[in-house]
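Number of protein chains: 2
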Amino acid sequence: MSSPPSGRNHEARQAAADRQAQLTKPPGSLRVLEEVALDLAEIQGAELPVARPAAALIFAADHPVVRHGVAAYPASITAGMVVNLAVGGAAASVASKCHGIPLEVHDVGVSTPYELPPSTSSARVVRHPSAEIQAGDLRVEDAMSSELFEACYEAGRSAVLGLDRPAKVLLLGEMGIGNTTPSSAVAAALLGLPAERMVGPGTGLDEAGVALKAEVVRDALARLDGDESPFEILRRVGGRELVAIAGAADAARETGAAIIVDGFIVTAALLAAVRAQPALRQHLVFGHRSGEPGHAILLEALSARPLLDLGLRLGEGSGALAAYGLVELAVRLHGDMATFDDAGLEGGPGGGESAAE
Amino acid sequence: MSSPPSGRNHEARQAAADRQAQLTKPPGSLRVLEEVALDLAEIQGAELPVARPAAALIFAADHPVVRHGVAAYPASITAGMVVNLAVGGAAASVASKCHGIPLEVHDVGVSTPYELPPSTSSARVVRHPSAEIQAGDLRVEDAMSSELFEACYEAGRSAVLGLDRPAKVLLLGEMGIGNTTPSSAVAAALLGLPAERMVGPGTGLDEAGVALKAEVVRDALARLDGDESPFEILRRVGGRELVAIAGAADAARETGAAIIVDGFIVTAALLAAVRAQPALRQHLVFGHRSGEPGHAILLEALSARPLLDLGLRLGEGSGALAAYGLVELAVRLHGDMATFDDAGLEGGPGGGESAAE
Chain C
1 MSSPPSGRNH EARQAAADRQ AQLTKPPGSL RVLEEVALDL AEIQGAELPV
51 ARPAAALIFA ADHPVVRHGV AAYPASITAG MVVNLAVGGA AASVASKCHG
101 IPLEVHDVGV STPYELPPST SSARVVRHPS AEIQAGDLRV EDAMSSELFE
151 ACYEAGRSAV LGLDRPAKVL LLGEMGIGNT TPSSAVAAAL LGLPAERMVG
201 PGTGLDEAGV ALKAEVVRDA LARLDGDESP FEILRRVGGR ELVAIAGAAD
251 AARETGAAII VDGFIVTAAL LAAVRAQPAL RQHLVFGHRS GEPGHAILLE
301 ALSARPLLDL GLRLGEGSGA LAAYGLVELA VRLHGDMATF DDAGLEGGPG
351 GGESAAE
Chain U
1 MSSPPSGRNH EARQAAADRQ AQLTKPPGSL RVLEEVALDL AEIQGAELPV
51 ARPAAALIFA ADHPVVRHGV AAYPASITAG MVVNLAVGGA AASVASKCHG
101 IPLEVHDVGV STPYELPPST SSARVVRHPS AEIQAGDLRV EDAMSSELFE
151 ACYEAGRSAV LGLDRPAKVL LLGEMGIGNT TPSSAVAAAL LGLPAERMVG
201 PGTGLDEAGV ALKAEVVRDA LARLDGDESP FEILRRVGGR ELVAIAGAAD
251 AARETGAAII VDGFIVTAAL LAAVRAQPAL RQHLVFGHRS GEPGHAILLE
301 ALSARPLLDL GLRLGEGSGA LAAYGLVELA VRLHGDMATF DDAGLEGGPG
351 GGESAAE
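Protein chains in written order, with this note's numbering: chain C, 1 to 357; chain U, 1 to 357.
Derived by calculation from the structure, the hints in this document are not laboratory data.
Do not rely on the hints blindly, as some may be mistaken.
As the list claims (entries may be wrong) - Covered by chain U, according to a simulated footprint, are these stretches of chain C (three or more residues, beta-carbon under 8 Å): (1) 69-81; (2) 118-131; (3) 138-149; (4) 271-284; (5) 302-311.
As the list claims (entries may be wrong) - Far from chain U, by Cβ distances over 12 Å, these chain C residues were calculated: (6) 165; (7) 197; (8) 227; (9) 254.
What the hints assert, rightly or not - Taking beta-carbon pairs under 7 Å as the criterion, some of the chain C residues facing chain U (in silico): (10) 19; (11) 22; (12) 26; (13) 98; (14) 203; (15) 204; (16) 232; (17) 338; (18) 343; (19) 345.
Backbone N, C-alpha and C define an ideal beta-carbon position, used for all residues, glycine too.
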């Protein structure tokens, strides 16, 4: 907890903890699921938090830096995957349908033109003004002008604030060929670590590719003065979807929504956002430990222990989507289990003879 | 894999692996979820495995050994929780409802009389003939006669074979105050380990309680000759619900169903079953790493890496129920994601330029 919660949020957490102690189970026996319920109670300021309405928002963009060969796939795939998400063929499409939560794709900078088929049953796709502004190659120049940064941040905010049904739980994801490179640069700059510590294979680089990526990130870091603010780091060596994620998180904080955090890229963006605005930390529920090596360092910097460790390295919010089922389960257990009184069982908190094996 | 799968099962796994390579994602990027899909394909002998029909079966029984003070709660709680499960107030009630899968409670030996209310909307409760036969205090005598063992094993088999909708995925759980003690005894005997290695706090014993439990387990192990078969160990130092779980697993193997394995107690029962019948191993999908210390040893003996590590120590199949959402997600991703051809994206397996970040 980076900043003291408000009185209401603190009271809600305490009321939720009191309720947990009354539920028909040995105290603490649902461990992490209890913690999730308490975290959500605090975030939502409610003794009985909810997992719905929920929404999965994927921010998509391309990166001029891919020209150096830092990605395993061509940039055109970003556009292809936007369409695939829209029509229901992508992992995030299937997972969001599985959970029955809406999926939206926010194009904040996809370079390759794409055409959506008449029926895009899986996800609404929104193209934001930021997609029409040129980004820079972060190896040699700032990734974004201030104007572009603002447009991306606003796109993220509007994605959350414009939801048909305001979400109490938000899943933030990304799609962008090459976007582990800006994420590594942002993370290294924020944490004062050398490029080598924060680069990894992404979606499939070999050893030579990772070495090249480290070189590109080193060049990007060398352009920095070293005293940039977190958002200035995002602007100079980050990427458009990372900025949009920071903007979405800002709106989530404003509306009292919980954020289920995905993998390496989303965490890098949110580390910048938390450094800029520490109160945001208490809105984050960490979903998944990514297979990307640098994620462990980011998680440690945020004192986070994710719900899942499945080795996913797909992006698209897939780690957050995989974790959503557990968040919903935690909320349902918290709200729907009987108390000792309900069940007519002896005991309860402090009774010591009151629960089941 | 303890025994070679049949040709059909092997072919199904290979076909599923070929399909995974065609899905619109970087190869291997869904890691553990891909492995689950392949395991289920092999178990079910189908390129496109299913997660439904599913059923959660909880086997409940009491244990004369609790007279020595090895449990944190009185034996009457077992009966109370059977009723709580039936009416929908228990953790397993809420979790099974959350997933939309039927829950059944199989009473194979609950000692305290209980009365079910007219409406038991959450779970069907079945009392088996084994519940009418006296069990022994495993510290000083065999836990079961051969007749009782057979009755429990048959109860487990009939629970699976008698399901209204034959399950393709089975979640096995247990409820029984004191049942970590027989589980520790069975595990120690099967693995040739001293009692101290396999005892833990269960649902809340203090240090003195754990030391007492170790003494009880030591006495039980001293009664063994050391050359017992796995099932003979279950009969002499186990418990009724453990035997029923072994019987249920036998029926699952027969019907080609996958079993999502819960925590310490279920794993101890299934280790005996796998030792008796190695082909059973390939039917097991491990759901959760329990907070009970001995579980890690059992998992290692079965070369298992569970999907979840949430510190649960509740029983009732709660670990398997928590993992079910991921199993369903894995199956849906496998079956419903687009292939590269479907999505009109370049590449595919070996293409190397064909997936998304």
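Taking the hints in turn, this is what the structure says about them:
With 8 residues having a Cβ less than 8 Å from any Cβ of chain U, the region 69-81 of chain C passes the three-residue criterion, so the hint holds. Given as covered by chain U, the region 118-131 of chain C fails the check, having 0 residues with a CB less than 8 Å from a CB of that chain where 3 are the minimum. Coverage of a stretch by a chain is defined here by at least three residues with a beta carbon nearer than 8 Å to that chain's beta carbons; for the region 138-149 of chain C and chain U the count is 0, and the condition is violated. Residue count for the region 271-284 of chain C with a Cβ under 8 Å from a Cβ of chain U: 0. That is fewer than the three needed, and the coverage hint is violated.
Only residues whose beta carbon comes within less than 8 Å of a beta carbon in chain U count, and the region 302-311 of chain C has 5; three or more means the coverage holds. At roughly 21 Å, the least C-beta separation between residue 165(C) and chain U is larger than 12 Å, which holds for a residue marked as non-interface. Against the 12 Å criterion, residue 197(C) stays outside the reach of chain U, whose nearest CB is about 21 Å from its own CB. The Cβ of residue 227(C) sits about 31 Å from the closest Cβ of chain U, beyond the 12 Å cut-off, so the non-interface label holds.
In this structure residue 254(C) is separated from chain U by more than 12 Å, as the shortest Cβ-Cβ distance comes to about 29 Å. Taking 7 Å as the C-beta contact cut-off toward chain U, the hint placing residue 19(C) at the interface is violated, the least distance being around 14 Å. The interface hint given for residue 22(C) is violated, since its Cβ lies 11 Å from the closest Cβ of chain U, which is over the 7 Å cut-off. Interface hint status for residue 26(C): upheld, as the beta-carbon distance to the closest one in chain U is roughly 4 Å, under 7 Å.
Against a cut-off of 7 Å between C-beta atoms, the interface hint on residue 98(C) holds, since the closest Cβ of chain U lies about 5 Å away. Taking 7 Å as the C-beta cut-off, the interface hint given for residue 203(C) holds, the closest approach to chain U being about 4 Å. For residue 204(C), the interface hint holds, the least distance from its beta-carbon to any beta-carbon of chain U being 5 Å, beneath 7 Å. Hint status for residue 232(C): violated, given a least beta-carbon distance of 25 Å to chain U, over 7 Å.
Interface restraint check: residue 338(C) against chain U, minimum CB-CB distance 3 Å, threshold 7 Å, status holds. The criterion of a C-beta within 7 Å of any C-beta in chain U is met by residue 343(C), whose closest approach is roughly 5 Å, and the hint holds. With a least beta-carbon distance of about 5 Å to chain U, the hint placing residue 345(C) at the interface is held under the 7 Å criterion.
Of the hints listed earlier, those the structure fails to meet are numbers 2, 3, 4, 10, 11 and 16, in rising order.
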